[in-house]
Amino acid sequence: MTNNNQPSCWDDFATVIAAGIKRVLLYGEPGVGKTYAALHTNNENPENAYRLVCTEDLTSAEITGTWMPNGSGTWDFLTGPAINAWIGVDGLGGRLVVDEVDRASGDVLSQLLAMTDSPESARWRHPGTNEILRPGPNFTVVMTSNVEDPEDIPEALIDRFPTRIKIDRPPLAAVERLSEDLRAGALYGVGDSRLPLRSLYAFDQLRAHCGDEEAARLIFGANGEAIVDSLRIARVGQ
Amino acid sequence: MKTYDRTAAPGPKKSASIKVYPAIAAQRNDGFVPGPWTIEEGRAMRGAASCDVNNRVLQVPGAPDQVARLVRAHELTHARVSPTGDVLERAWAEGIHPHALACAEEARVNFLVAQAGFDVEFLCDGTEKDAGEKVAQLGDWPEALCFAAAAKGTGAEKPYLAGIRKGNKDWVTPMRQVLKRIIEILEEQSTSYIASTELLESGYPLGFEATTLPIARLLTTYMSAEIPDGPEALRAFKRGLHPGNRRPVSGKFANLVWLDQPEFERVNLRGDTRKSRPSLSGVSMRYPNRYLTDPQKRVMGKKARADGGIVIIDQSGSMDLSADVVREFAKRHPRARLVGYSHRPGDGGVTPNAWILAANGKVATSEIPANIGNGVDGPILRWAISQRRGSEPLVWVCDGQVTDSHDHPGHHLSVECAELVAKHKIRIVPNLYEVANALAHPRGVRPSEYPRLGRVGRVLADRSKKN
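Each protein sequence line maps, in turn, to chains A and B. Numbering of the first sequence is given in this note's numbering, commencing with residue 1 and proceeding in unit increments. Numbering of the second sequence is given in this note's numbering, commencing with residue 1 and proceeding in unit increments.
Don't read these hints as lab results, they were simulated from the structure. Here a beta-carbon is modelled for each residue, glycine too, at the ideal position from N, C-alpha and C. Treat the hints with care, since some could be wrong.
Said to hold, decoys possible - Negatives, chain A to chain B, calculated, CB over 10 Å:
1. Thr66
2. Gly91
3. Ser121
4. Asn130
5. Ile165
6. Arg177
7. Ile233
8. Arg235
As the list claims (entries may be wrong) - Listed next, the stretches of chain B that the computed footprint assigns to chain A, with coverage defined by at least 3 CB atoms under 8 Å from CB atoms of chain A:
9. 18-26
10. 112-121
11. 193-203
12. 227-238
Bound-form chain A, shown alone (with noise of 0.2 Å):
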């Protein structure tokens, strides 16, 4: 930890982008905040920052682009986030943020490595234009996987992705967002008392409206009730 209560991971992480480090992996459990790290750390125009979620049914065509029908009788060719990234907002590339990338296909995966290899050797061919494009400068990729142990990372990937980080905590932006009883909760629970922050942002609201033991029932389920009982511990005397 650090002395703003920044956990360590992400000071690393916020190291690594501003060395440069175009290409970074970050792993770990879900619900620790990498998808929003990985589009907010020293990004400071989120639009210029594109997503792409893979799943055993993404095709390559969701990352490249596809041929989509204009309304006038033709078709135009739209292009996907990668390509996007690619070019940036200013032309001069942004940020792709390839979130799970452990569950792409083998086609997407291939894709993928495409799409993200070193500026020198990346390029692609655009269907409508027949315009040779390379990623710009600025075009940065982070990507990100549940995975535990960087061993089940497929091996091109790694190649690719030198710099990888594991995640085991929210970043402390994504904390702030909570109401402070919460936040402890969200930076330090561990194994089995952690808590998704998905789940702590829905809690924070819920109960507002209906109350902690209820909103702690429905968000929670069977854990609920520890969280509440630590809630009214917390509260003792306040």
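Chain A is fixed; fit chain B onto it per the hints.
Same frame as chain A, now just chain B:
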């Protein structure tokens, strides 16, 4: 409640699969460093669950039943309010008994668990009645009292007191009186005070100082109290429960705690006294000149009687002693030892109650604690007897009043001291001015001196009548 040095805290270990959230509960403002907790599997039994706040380790049962839930709530409350760092060590250094402090903190935590809305009736493991009976049969009043405080207000209280009654019914009423006072201390404060971890200038957290410390002091005092044996004694016992009132009778002397005295000042510049004196007979001719000068021709040397001795002086409030008097004593009796004593009533072994005032022609330069009571008359006499060389004089400077560790007189204490005086021929004198004569004429106390020797004198008089 455990205490460890926070700086030496190891990293988090792999936690047990128990749904418990100490990080949420530990909302503190005493500089506690938040961080991940290690959860260990415990049981819903006394001693099988704990909270180590400094190292952030919580040992709790994971069962889904109400007892386990209450045990988890209890340990989480420790995580919320119990002190960190060296707070406990500092309280111990004040003379508060460690067990009393731990049980006082248990009482505060259980009170707060109830205030948080938990049904503390579930805080019992079924062993309390047997435990109460056993501890009463063993006569371990300090342990019995501390445990009762720790169980106060929980489901363990009733069966425990039933066990105490079975083991020794005389303990129940005084124990209830102490427990009643503990609840008064807790209810005198607002819950926000009791639960507060805000650090005060004293270095103690507010809630700890406002409730745990007064309860722990009360327990420390009453752990050594004599069980009252009648209505009058019970009234005195109850009076001592309230601040400002006299402590209860302890019926026991305190243990000796010697003052650390690194330096002494020599006042007898002549050094040691001579070891032989002229005599008509002997084995060596030490004084041949006396053959011409001494009409009695005492030319032989004879071993001089050592003008040493041990003088024990009561320096309680009823006795007075100036530095000049001590210096004069050291000059006149360079081979005697002058030892002072006085006990701070209720002190648990922190404040020194015995010290050397003068020995070998030197006087102590260290500051003597300004205690009030006697408290250690018996132990200091025993110490002096053990230190006595041969038949050297042993003089006790006192007014004949002896008191227990809480500064109450007690007949059996007077008897104890009188027996020592009679058996070991200890001379009692009322002031230091009579010591020179007492050292020169070592003998026991004469019957004519009994009337001016207070309670000890009366016991000696009764004793001589019987004999």
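Now the hints, each set against the structure:
{"no.": "1", "hint": "Thr66", "verdict": "45 Å, holds"}
{"no.": "2", "hint": "Gly91", "verdict": "45 Å, holds"}
{"no.": "3", "hint": "Ser121", "verdict": "42 Å, holds"}
{"no.": "4", "hint": "Asn130", "verdict": "55 Å, holds"}
{"no.": "5", "hint": "Ile165", "verdict": "18 Å, holds"}
{"no.": "6", "hint": "Arg177", "verdict": "17 Å, holds"}
{"no.": "7", "hint": "Ile233", "verdict": "4 Å, violated"}
{"no.": "8", "hint": "Arg235", "verdict": "8 Å, violated"}
{"no.": "9", "hint": "18-26", "verdict": "holds (count 9)"}
{"no.": "10", "hint": "112-121", "verdict": "holds (count 6)"}
{"no.": "11", "hint": "193-203", "verdict": "holds (count 4)"}
{"no.": "12", "hint": "227-238", "verdict": "violated (count 0)"}
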